[in-house]
Structure formats: structure tokens, C-alpha cells
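Enquirer: So you can see what is in the structure, the chains are spelled out below.
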Amino acid sequence: MSEVGDPSKETMLRGFRLMVLGRAADERGTNLQRQGRIGFYVPMNGQEAAQVGCGLALDAQDWILPAYRELGVALARGIPLKTLFDQFFGNSADLLKGRQMPCHYGYRDYRYITASSPIGTQIVLATGIAAASLYKGEKVVSVPFFGDGATSSSDFHAGMNFAGVYKAPVIFFLQNNGWAISLPREKQTRSPTLAEKAEAYGFPGVQVDGNDFAAVYKAVSQARARAVAGEGPTLIEALTFRMGPHSTSDDPTRYRKSEVVASWREKDPIDRLQSELIAKGWLDEAGAEKIHEEAKLEVQSAIDAAEKSPPPDPSTLFDDVFKEPTSLLEEQRREFLEMVSQGVLRP
Amino acid sequence: MSEVGDPSKETMLRGFRLMVLGRAADERGTNLQRQGRIGFYVPMNGQEAAQVGCGLALDAQDWILPAYRELGVALARGIPLKTLFDQFFGNSADLLKGRQMPCHYGYRDYRYITASSPIGTQIVLATGIAAASLYKGEKVVSVPFFGDGATSSSDFHAGMNFAGVYKAPVIFFLQNNGWAISLPREKQTRSPTLAEKAEAYGFPGVQVDGNDFAAVYKAVSQARARAVAGEGPTLIEALTFRMGPHSTSDDPTRYRKSEVVASWREKDPIDRLQSELIAKGWLDEAGAEKIHEEAKLEVQSAIDAAEKSPPPDPSTLFDDVFKEPTSLLEEQRREFLEMVSQGVLRP
Amino acid sequence: MTEVTLIQAVNQALKVAMAKDPDVILLGEDIGVNGGVFRATDGLYKEFGEKRVLDTPLSENGIVGMAIGMALQGLKPVAEIQFMDFIYPAFDQIVSEAAKFRYRSGGEFPAHIVLRTPYGGGIKGGLYHSQSTEQLFTSTPGIKVVIPSTPADAKGLLLSAIFDEDPVLFMEPKRIYRTATGEVPAGDVRIPFGKARIAKEGSDVSVFAYGSMVPQTLQAANVVEKMGIHAEVVDLRTLVPLDVDAIVASVEKTGRAVIVHEAPKFSGFGAELSATISERCLYSLKAPVLRITGYDTPFPYALENLYLPSVDRIARGIERTATSA
Amino acid sequence: MTEVTLIQAVNQALKVAMAKDPDVILLGEDIGVNGGVFRATDGLYKEFGEKRVLDTPLSENGIVGMAIGMALQGLKPVAEIQFMDFIYPAFDQIVSEAAKFRYRSGGEFPAHIVLRTPYGGGIKGGLYHSQSTEQLFTSTPGIKVVIPSTPADAKGLLLSAIFDEDPVLFMEPKRIYRTATGEVPAGDVRIPFGKARIAKEGSDVSVFAYGSMVPQTLQAANVVEKMGIHAEVVDLRTLVPLDVDAIVASVEKTGRAVIVHEAPKFSGFGAELSATISERCLYSLKAPVLRITGYDTPFPYALENLYLPSVDRIARGIERTATSA
Ligand SMILES: Cc1ncc(C[n+]2csc(CCOP(=O)(O)OP(=O)(O)O)c2C)c(N)n1
Ligand SMILES: Cc1ncc(C[n+]2csc(CCOP(=O)(O)OP(=O)(O)O)c2C)c(N)n1
Ligand SMILES: [Mg+2]
Ligand SMILES: [Mg+2]
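Protein chains in written order, with this note's numbering: chain D, 6 to 352; chain W, 6 to 352; chain Y, 10 to 334; chain V, 10 to 334.
Hints should not be assumed to be uniformly reliable.
Unchecked claim - PhoX-like mimics (lysine-lysine), calculated; alpha carbons at most 25 Å apart, straight line:
| # | chain 1 | residue 1 | chain 2 | residue 2 |
| --- | --- | --- | --- | --- |
| 1 | V | Lys235 | Y | Lys262 |
| 2 | Y | Lys55 | W | Lys141 |
| 3 | W | Lys172 | Y | Lys204 |
| 4 | Y | Lys204 | W | Lys328 |
| 5 | Y | Lys29 | Y | Lys55 |
Keep in mind the hints are simulated off the structure, nothing from the lab.
Could you put together the complete structure from these sequences and hints?
Expert: Right, dumping it as C-alpha cells:
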């Protein structure tokens, strides 16, 4: 973590590099799926400033609870690209042992909680982590990431309410990207802003331009300072836009107009930060170009490395249901391995 | 339903009679449980003005979705006292066929939905009913009754949100009686008022003195007018106090001070309305006394009548699981009746 | 009659019901403008409008609670839960309200709703887009559980579900949404609940399956047929009500029984089938009942093909059961 | 050692664990100042303070989600769900998060939590204060399910649960909270999971039960003893992990099996037991396995005593099974 308030030059440049790296990795994620090399992908395209801006304003000891679209946060945390691609491939090097669809990664060393798919569950988990941090006297925050759609979930209500009651150090980081799959924000809820939902739980909610790296950074760093000072949670609504489909299974042309997408393309967070940095004289065109090129190479080498690992070993199927397998699980594993060795079961 | 706004003399007098009747029935409910004649009871004592005031401001075609403490609403609807006591006894005359604990009654003819015990579920059901009323073009409202504790439930969040989105004609009637069993309102949520939670869903919330019959009547009648005019839902927070235990299983001395209870006794809603009526010259002491006496007699005769009915017939155990019993249920019923006739099974 | 896919049959059933009865109303996430993430409701928003095809906020308890409320007011709502894996936030509404409403109200307030939901694996969906948790509902008295395996059954059973006055969970085998094809009668032709379908007659061993395991099982039956084993394949169609008579009749005939489902074995629905068979047909059984199921782990991703009962695994199980002592 | 009731044993276990390990923390509705609606946590708020005994808002998904979050941060939370009937709003957190966390994270993030909840009938609680839905959890891979029937087991199993690194559902038979009494060892004495207890030895028929059905079954065994039928009563203690070896050993010895539980029969946990027994002991079985259970209806109120397996009904079932062909 760095400064509270406006980001320094160093932070801005670091943010830019991470956003560019994220964009490059994200584009390859989608391509790998289109090529049939991975099974599924959830693009973050358009939300880089919100994610990296938030990620960099946090401390390494803070807890991250992602949804499934938080590639920018993972990179801001320092999770190696190869770790992410190992997960996308679901290979034997994957920390998750190939057990989940792409984009559901996690990594304990980075206090980055392994994602699940059900919408909203991480919101109340974050409050629990924060309550435990309070109890242990650790000066850290928990940050659940979620979308406009998730504000309708039961766990949003519970997580927000409990955080208010216990004054838990949580930053509820809401990326309002305008859509929950095909449902526009306006039909998700009638509240004029999503930020003001915080008032129902007795703590502040703020709206911030989610495509403005520095603004996001500032809002999060201030919320963090508040939280560790014992002043309780904050809800941050970062206004942004999902440029691509909801996931590689989605066809957004069925439900939204290309004009709207085009208008948001004008507000591209990477172009915008690049212009700002150039205007400030902290970067020049050539330097920017180099960052873009390097990012692509870095991504390529992570993919190459990840694609080398074989699929997970079949016998791992039975691990981690419990700390120690029950006797029934061991019995199933034995029968299973017999069938694998006889060729009855084939991957 | 009568007038929108301030209640007329007639409505006030009717309300007074119902509140007195409710108090009398409620006291007997508790006594019957103490005497072991019924299994359980949930007293409404102290909340008569909120309940009767709300009940009388509604139309006979409006839908009522009670929690479990709404005796005053049931009486305001016109549900016969004997029907209620039949349910308390769980006898063969009980519309519910003796299937539920006391206080969970319902009656389709009165559009009074049979209660369940899980907190909050009726809130979203009310929104569904209201959405259906909209669809059918019926100018009626749905009114879920719930407490301060229920505002933390998932179904509060969903019911409020969906009602906002669909502009459903719902009056969310929240009796904030200060406690959810042993949890005081201040620990239920940090929001300064419960009424303001409505803003998070894009519609108005109002706080009203729940021990003031006329104030409750007025607020509800106005919310109703709004709803049937297509202007959407309203949350009404009626500030009141539960004078007795949470239920006959509860011992409130474990968690609240007698001074607080005493201070609320000063604000008794029946005494208050009685004084108001006398001050207005609409009632005199003798008239009031007569109403109190008649109420007791009316309650006694309902109890006498209800206590005459035998318990439900054993074979009814298998009815109403489905519209028609499955063959497996019929098989179970046959074996069961055989055991009953052989005396293996005894009530 | 033309050939349609299973999901087209679902779409047709909805269309027929909506055209016939204005009280039939649809609600769910992404079912309107988008036509459903699997396109089950494709075209219905356009045809029937936003008052009859409601796009809802992201809240399953909201969806189910709304549906029950609508039913209390006399409508016949059909709610979609986008994936069965996401039905759990609505669990309280389903088991505490829908399943118990008729009983607790002495019959005054039935909850006339249908919950449609795609279930099961085989689409590389991992832990949270593959589950098959029918036993959570079969073990809850008061809710019917229906699982079609062919387009004709999908249409006929869904129409029955929509007009049935009890709450119905209608589980759609998404893995065969587009691979199961067949002819489907036009119009409002219903298939009654509680009647299993003999998908293939046989005399040596009875195999019970439902949903996406039916085509797998039929293939496995063809494999063992070549070894001279005549397996009878029974498609249960509705788990609640269960056609116990058909099950018992088949096992009395063959003396051997195999059960196939995707869900984990332990405490799964196959346990009820196995128990029912052994308890009722003990003296006819020539071999222990065999359950071929998913393993007792959460649903995996990379190893999915090893996890799900495959044609080879089913064939091996049928063969062993048919030939054991 | 002094005689205590089952609920006092629960209270003692919590106290021992809290005194021993500051990471043990309690949360739930009315468990603090009020000491729990059944008084399971009586005195603990006073002794350990509000930081370790948290009164929560009325939200079961909040309670369970909080507990899981706390566990992720290294605590050992013990959450109370006031009645099992109210666990459903937390169902998504339990099955999607707690039960799958270790698996989905490749072992990185176990969910070390205990959910304590009173379950079952016999207290005139009607539909919503009487349910016994262990089957919903036994069929969900990744969560352990424990049900004690004596004070000593309640204490020893709860201590094991609190220090077990997997999520544990600890179901307390509220009907015998105060009637089951017995001696309990002092201190942190644990009873391992997966080991059934032979509550009464016998040679003619094996009867499997758990929780509040154990005392009923023991009484029934005494009734049939007088007819010369020696029933073996096995208290399963933990349903997950299940002591299959003990079950098989008992049935191999007696050749006959009866299962007793409160939950409805269809698709209940008894189905797994019956299936396991018939599948594994087919050639030893002298009579069909019998399940004596609640009926396939929601839980009633006025007729509760007719609904629950009574001593007479159990005795009749044991007798019939022991004497049939
Ligand atoms: C409980 C649940 N219901 C439904 C889904 C299916 N689903 C996946 S993402 C999504 C929309 C989420 O929208 P939002 O919260 O705005 O996040 P975004 O995808 O826009 O980042 C839906 C409905 C789910 N994953 N979980
Ligand atoms: C889902 C659920 N959780 C817990 C309970 C147990 N319980 C019954 S009433 C109650 C408190 C309700 O408080 P409130 O909503 O304020 O209503 P009041 O009783 O004060 O009228 C609790 C916790 C329940 N019935 N349902
Ligand atoms: Mg969104
Ligand atoms: Mg209250």
C-alpha cells in the first residue's frame, strides 16, 4: 500500500502498467476460449481502472474476495500471470487442482480468496473476515468485489447489515458496470444510486468515476484509512462499463445497443490514463507503446508455460472433500482407480 | 375501508372496541397457555393501536400477510373469535386442521394468508400478490406485517426491492416494537430509522407513532391511496412496544429492564385512545367500562365454543400434502390407520 | 410433427400454455429480452410482452417468493432458476413456503407454481454449473419433482406441471438440451405424473435412470446387448410421485437392478430407489442392487468426464450385475 | 463426575473449548445476554464477554457467512441456528460455500466452522419447530453431520466438532435436552467421528438410530426383550462420516435390520442406511430391511404423537422384522 488520497507518480505509472498487462491477458483469455484451448472466460475489458485502482490502494495484508471478473485486482495483488493461466487451463499446476471453471482462482499467500460462482456470497464472508480481524486486533480490511446485480442478493443485505452493526473494517467495492448479464442497472433496483444503499445500514456510500484510476485509488485509500481507524465500513460504487460480453457464453447484441457501447469506448480507462500520464509528462508515446508490447510478451510466455502442464492426476478427484478422506471416499477412490487402470474410465 | 386521512368518529369507536376485544382475547390466550389448555401463545399486548389502526384503513379485498402476533389485524378484518380459538386449540374445527402452533391462523375468505414461522418470508410473498393484482387490474394492496427483526431477513431485501422495481401496490407494515426476542432494535441494524431503509429501494418510508390509533390509520390510508393510484409501495414503521414476553416460551426479565417496560405502560394505546375519545365527548367512562366487559364475555363464549370441538381425525394427517395423495401416501395412510385401530398408535 | 430439440420442446410447452391461459406468467433472470441464457424462453417476450415475461432482479428468493405470491392471487407462474446450482438462495421459500403452504393452511392456500431449472453436468461447468441435487427436493414433502429425458416428455410433462395445482420442480437436463431430438405432438398434449416409461424392454436386468442419464444408459444397454445381456431401461420421468409399481414390476421380472444418476451416491436419490427395491423385492433379488452415480465429492471441472457415469462405466455395472452369482 | 442433562453437556463443551482456545467464538440469535432460547449458552456471555459471544441480527445467511469468514481468518466459530427449521435461509452459504470451500480452493481455504442447531419433534412445535432434515446435509459432500443422543456424546462429539478442521453440522435432539441425563467426563475429552456406539447388544435384529430416537428405540428393545427378542441397538452418532463397518458387522451377525428416524421416509437418511445394508449384506439378510420413520408429510402439530415413531410402533416393527420368514 502506498499513500492515502491522490496517487503518487509512481503509483500512477504502476497502475498504468498493470492495466495494460491486464488488458493484454484478458484479450488472450477470450481468444483462448474462442480457440477451444480453455473452456470458458469472463472478460474484464473496460473495468481496468476500477480494479487496479482499488487493488493498489490496499495493503498486502488486506483480504480480497473477488467475484469472477477481477483479473485487474489479481494482478495488482501481484499474483503471477502463470498462476492465473494455470487455473484457466485447469492443469496439474493449478492451485485449485483443476476443480473450477476459469476465472475462479484464489491464492492464500496473497490473501486472495478462491472465488465461487454464486452471486453475492463473498460479501458476507468479507464481513466475517473483517470481524475476525477486529477481534484479533489486525489492522487490515476486507474487500469484497461485486457488481450491480449482486446488490439484489441476500448476502449483500446480510453482509452490509452485519458490517454496520459490528463496525467491521470492510470496503464494499461495487463495480456498477451497467448490466447484470442482460438486465440493465435501472431494472435491478429503483434506488437512484447504488451508493446510497449504504445509508440503510448506517454507514457511508460514495460514488466514484470507475474509469478514473486516480479517483478510484483515492476513494479506496480513504475508505481504508477510515476502516482501520475503527470508523467502520464504506460502500464504494465505481461507475464503469463492461465493454465485452458477460462471459464467453453471452451475446450482448441481444440486449444492448451498439451506440451505448461505442459511447463508453470513448471513455476507455487505459486510453484515459495514458493521456493523463502523457499530459503530466510522466510518460511519452514511445514509453507507452513499449509497455503495451512488453505486456503482450509477458502474457504469451505465461500462456506458453501454463500450457505445458498436463491435466490433474485422476486420483486427486477425491482429495480435499475433507481434510482426511472418509473410508467411503477411499473405497470410491479404489474402485475408481481400478476403472481408470482398466481403461473403463477415460478423461 | 373508510376514509382516507383522519379517521371518522365511527372508525375511532370501532377501533377502540376492536382494541379492547383484542386485549381481552390476547390476555386469555396467554392464560390458556399457562393453564396448559393450549400449547403456546404469542401475545400482542401493547401493539393494539398499530394493528387495528392498520387493519381498519384497508379494504376487505386487500391481502393480509401476518407474522404471528397480529391478533388485532385478524379482528379488524372480521375473522370470528371462535375461528382464532379453534386454531389455538388445534381442534377439528380449526381451518388449519390442527397442523400448526397457535397464532399461525389464516382464512382465505378474509384474504388473510395462513402464517408460517420463518421470519420474513411473507414480505416477498406480499410483493408477488401485489404484482399479480397489478397484472389482473385489481385495485387492491398487499400488506405484509413484520417486526424490526425481520428487516434483517433476506426476504425483506428481496420483497422491498422487487416491489420498488415493479411499482407493486404493497404497504410494508413494520411494527418496530423495540425487540427481536432479546435483541434490541439498536443492535439489529445501524440505520438511524428503519423507515429510511425504503430509500434504498426507491420508494418512501414513513415513521409513525404506533401507539396512536389515528396516526396509524391516517398513514396507512394514505399509503393505500398512493398504491392503488399506481404510485407504488410505501414502508410504514410503526413505533410501538411489546409489553409482554416474546412468546409464552420467553422470559423477558433476562434481557430488559423493568423501568423501560414501565415507561411504555404510560403510553398504553388503549388507555390513550380511551382518553382521547372521552376528551372528544365520543365516549364516557361508563360506556368504556361496558365495552371492556362485553369484550370479556365475547371472548369467554368463543373459548367455550372452541373447547367443545374434539381433536382432528387422525386420518387427516395425510391430506393436503398434495391436492391428491400419491400412492405412497395412501399406502402410509393405510398402515397408519391399521396401527391406530390396533391401538399401536395413540394420540 | 417435426423433429425438435429438448429445449425447443420446453419453449413450445411454455408457448402453448401461455397462449391458452392468460394466468400463465413467466419470471426469472435474463428470460425476457435475452430469451434465457439457454434460450428456453426465446421469442416469448416478443410474443407475450413484458407483463407476462418478467425479467427479474438477481435474487432467487425474490423470484420464488414472487411466484408463490402470484399463485396465491390466482396466477400460474413459471419461474426459471438460471442454473440449479443457484436455487439455494431460494431454498427457504421452496421448502418452508411452497412445499408446506397447502398443508399448513389446511388446504386453503395451495402454491400453484412451477420452478424450471437446468441441472447436471457434461457441459464443463465445474462445481457451480453442474449440480444435480434432486434429493434435496425429493426429501421435502409437498413438492413434485419432474425430470424429462426426451423432447416429447419435456413438452408433455411441462404442460402437466404448469396446470398441476401443486408446486413442481421441473429439472431440465441441460447437457442434452440440444442433442436430444425427436418428434413432439402439437398443442396441449400432457403426460401424466407418476408413470414411468419403459425406454427399452429387457429381461435380464432392470436399469433405472432419469434425465440426461437415460440416453447414456440406453447406449450402455446397447453395449451389453451385444454380449447377450438384455437390459430393461426404465425412465422414471417423475421422482415425486414415484411409479413404485413399475419399478417393482420390472425388478420382479428381471431379479436384478441397477440405478444410474449423476448426483453423488451417498444419500442421493438412488438410495431411495435401492432401498425401495430391496425392501419390496428382497425375495426376487438375485444380486445386490447397484448404484452407478457421481462420486461423493463436489462436482469437478477438469476431471468431469471421469466423475460422471459414462457409457462404459454403466455398461460395466450392468454386465456385472447381470452376471453376478 | 456428576449427572448432567444433554443441554448442560453442550454448555460444558462450549465452555471447555472457549477456555482452552481464544479462537473459539460463538455467534447466533439470542445466544448472548439471553443465553440462548434453550439456554445452551447460558452464562457464557457473562464469562467470556461480548467479543466472544456475539448476539447477531436476525439473518441466518449472515450468521453462517460471518462464521465462514471468521474461519478463513483463523478463528474457530461455533454458530447457533435457533431451530433447524430456520437453517434454510443459510442454505446457500452452507452448501455452496462451507461444504465446497476446501475442495474448490484445492485445499487452500478450509471452512473450519461448527453449526449447532436443535432439531426434531416431540415438543409440540408443529411444522416449523420440529423438523429433522439431516438428509439435506448428508447428501451434500463436504460437510460432516453429527447427532448425539447422550450427554457424554454431546460433550465429546461437540468438542471434536469444534476442533475438527472441516465444517460440521451438529444437530441437537431438543426433545431430550433435559430428559437425557448422565455422567460426563470433565475437561477436553473428545469422542472421535465415524465410530458408532452399540447402545445395547443383541443377536436377533439390528436397530439403527440416532439422536432422540435412541432412547425411544432402547425402550422398544426392552419391550421386545420381554418377548424373547434380543435386539441390538446401534447409535450411529455421526452420519457423515458413517461407520459402515459397524453397520455391516451388526447385520452380518443378526441377519435383520430396522432403521428408526424422525424425518419423513421417502428419500430420507434411512434410505441410505437401508440401501447400504441391502447392497452390502444381501446374502445375509433374512428379512427385508424396515424403516420406521416420520410420514411423508410436513410435520404436524395436534397429531404429532401419531406422526413420530413411538415406542410401540418401533417395538412392533422390531418384532415383525425379527420374526418374519
Ligand atoms: C445466485 C446466482 N444467481 C444467478 C447467477 C447467474 N449469473 C452469473 S453472473 C450474473 C450477473 C451478475 O451481474 P453483476 O453482479 O452486475 O456482475 P457483473 O457480471 O456485471 O460483473 C448472473 C445472473 C449466479 N451466478 N448466481
Ligand atoms: C428465519 C428465522 N430465524 C429465527 C427465528 C426465531 N425467531 C422467532 S421470532 C424472532 C424475533 C422476531 O423479531 P421481530 O421481527 O422484531 O418481530 P417481533 O417478535 O418483535 O414481533 C426470532 C429470532 C424464526 N422464526 N425464523
Ligand atoms: Mg454488472
Ligand atoms: Mg420486534
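Enquirer: Could you run down the list of hints and mark each one as holding or not?
Expert: We went through each hint and held it up to the structure:
Straight-line distance between C-alpha atoms of Lys235 (chain V) and Lys262 (chain Y) comes to about 41 Å, which puts the hinted pair past the 25 Å bound. Restraint check for Lys55 (chain Y) and Lys141 (chain W): the C-alpha separation of about 20 Å stays at or below 25 Å, so the hint holds. Under the criterion of a C-alpha separation no larger than 25 Å, the hint pairing Lys172 (chain W) with Lys204 (chain Y) is inconsistent with the structure, at around 43 Å. Restraint check for Lys204 (chain Y) and Lys328 (chain W): the C-alpha separation of about 18 Å stays at or below 25 Å, so the hint holds.
Pair hint Lys29 (chain Y) plus Lys55 (chain Y) holds up; C-alpha atoms about 17 Å apart against a cutoff of 25 Å.
When held up to the earlier numbered hints, the structure conflicts with 1 and 3 and fits the remainder.
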